[in-house]
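Asker: Now for the letters of each chain:
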Amino acid sequence: MDRHPYIRAYMAGIFLPTLGLLIALSAFILVRLVMQLPMPIERAIAFPMAIVPNLWGVWNMVYVRVRQNHSWKIGLHGLLLLLIVGPLGYCVGRLTSVLEASAQGLVYFGAIRLDYAHFVIGILIGAGIYYLAWKYVVNFLNELLGIA
Amino acid sequence: MMSEGNDQKLREFLKSHVPRADTEPKRDLWPLVLRRLERPAPRRVLWFDWALAGAVLAGILLFPKTVSVLLYHM
Numbered sequence: 001m002d003r004h005p006y007i008r009a010y011m012a013g014i015f016l017p018t019l020g021l022l023i024a025l026s027a028f029i030l031v032r033l034v035m036q037l038p039m040p041i042e043r044a045i046a047f048p049m050a051i052v053p054n055l056w057g058v059w060n061m062v063y064v065r066v067r068q069n070h071s072w073k074i075g076l077h078g079l080l081l082l083l084i085v086g087p088l089g090y091c092v093g094r095l096t097s098v099l100e101a102s103a104q105g106l107v108y109f110g111a112i113r114l115d116y117a118h119f120v121i122g123i124l125i126g127a128g129i130y131y132l133a134w135k136y137v138v139n140f141l142n143e144l145l146g147i148a
Numbered sequence: 001m002m003s004e005g006n007d008q009k010l011r012e013f014l015k016s017h018v019p020r021a022d023t024e025p026k027r028d029l030w031p032l033v034l035r036r037l038e039r040p041a042p043r044r045v046l047w048f049d050w051a052l053a054g055a056v057l058a059g060i061l062l063f064p065k066t067v068s069v070l071l072y073h074m
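Chains A and B supply the protein sequences, listed in that same order. Quick note on numbering: the numbering used here labels position 100 of the first sequence as 100, and the sequence is numbered without any gaps. Quick note on numbering: the numbering used here labels position 47 of the second sequence as 47, and the sequence is numbered without any gaps.
One should not assume that every hint holds.
Stated by the list, open to error - The calculated label-pair distances, taken between Cβ atoms and stated as ranges, are:
| # | chain 1 | residue 1 | chain 2 | residue 2 | range |
| --- | --- | --- | --- | --- | --- |
| 1 | B | F48 | A | R3 | 33 to 41 Å |
| 2 | B | A21 | A | H70 | 51 to 59 Å |
| 3 | B | P42 | A | R3 | 22 to 30 Å |
| 4 | B | K26 | A | N69 | 45 to 53 Å |
| 5 | A | A27 | B | P25 | 52 to 60 Å |
| 6 | B | P42 | A | H70 | 25 to 33 Å |
| 7 | A | V34 | B | R27 | 51 to 59 Å |
For the record, the hints were derived by calculation from the structure and aren't laboratory data. Remember, it's a predicted structure, so these values are computed and weren't measured experimentally. We treat Cβ as the ideally placed atom computed from N, Cα and C, and that holds for glycine.
Working from the sequences, and respecting the hints, build out all of it.
Answerer: Encoded structure:
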């Protein structure tokens, strides 16, 4: 089981966001087609579909590499990924006009207004999800694939 | 002397009428023992993690608007 640990780490890393993508895509389609909200789904889906799962995979490869020489908590490692995903998502959102910033707050998809207090709460909730997801799900998958 | 003879008869009677106990395992149990030893101990979820999961769930329920942020950024 010592062969190709980084490929296995990548696969273990992309598993959860790929599953989550199905939920996100379902929600986007529900909002766009059923609720008839004019949401730019083609542009909005680019970040969660193309970038986030790959980032998780690569981040898990980094974790396996770091663990070879140092003792390192996987929950904390996953939490740090938020420092990359958050700003990157913001930049991609601004570039694709999915996300607009104003003095009052942020506007997602041209439809959902979010003041900065709610945005911070969203970040904290996201941090909790990342920590738990990495500590329990990604760690379990790493153990399953023999790279924990 | 009489008693020894009775014991011998009783022993022979039991041997001929009671089937031998099957004391040998039907298959090799050592791989099972090894698998059991290699199996990791069941993971315990810390109270802090339960509290965090509860807080995350409560946050989503109390502030449903944040779900859009989570869906997009995650």
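Asker: Taking the hints in turn, state whether each one holds.
Answerer: Hints, one by one, checked against the model:
For the pair F48 (chain B) and R3 (chain A), the beta carbons lie near 36 Å from each other, so the given range of 33 to 41 Å is met. Between A21 (chain B) and H70 (chain A) the Cβ separation comes to about 56 Å, which falls inside the hinted range of 51 to 59 Å. About 28 Å separates the C-beta atoms of P42 (chain B) and R3 (chain A), a value consistent with the hinted range of 22 to 30 Å. Evaluation of the 45 to 53 Å hint for K26 (chain B) and N69 (chain A) yields a pass: the beta carbon distance comes to about 48 Å.
The given range of 52 to 60 Å is respected by A27 (chain A) and P25 (chain B), whose C-beta atoms sit roughly 55 Å from each other. For the pair P42 (chain B) and H70 (chain A), the beta carbons lie near 27 Å from each other, so the given range of 25 to 33 Å is met. A hinted range of 51 to 59 Å holds for the C-beta pair V34 (chain A) and R27 (chain B), which are about 57 Å apart.
The structure shown violates none of the earlier numbered hints.
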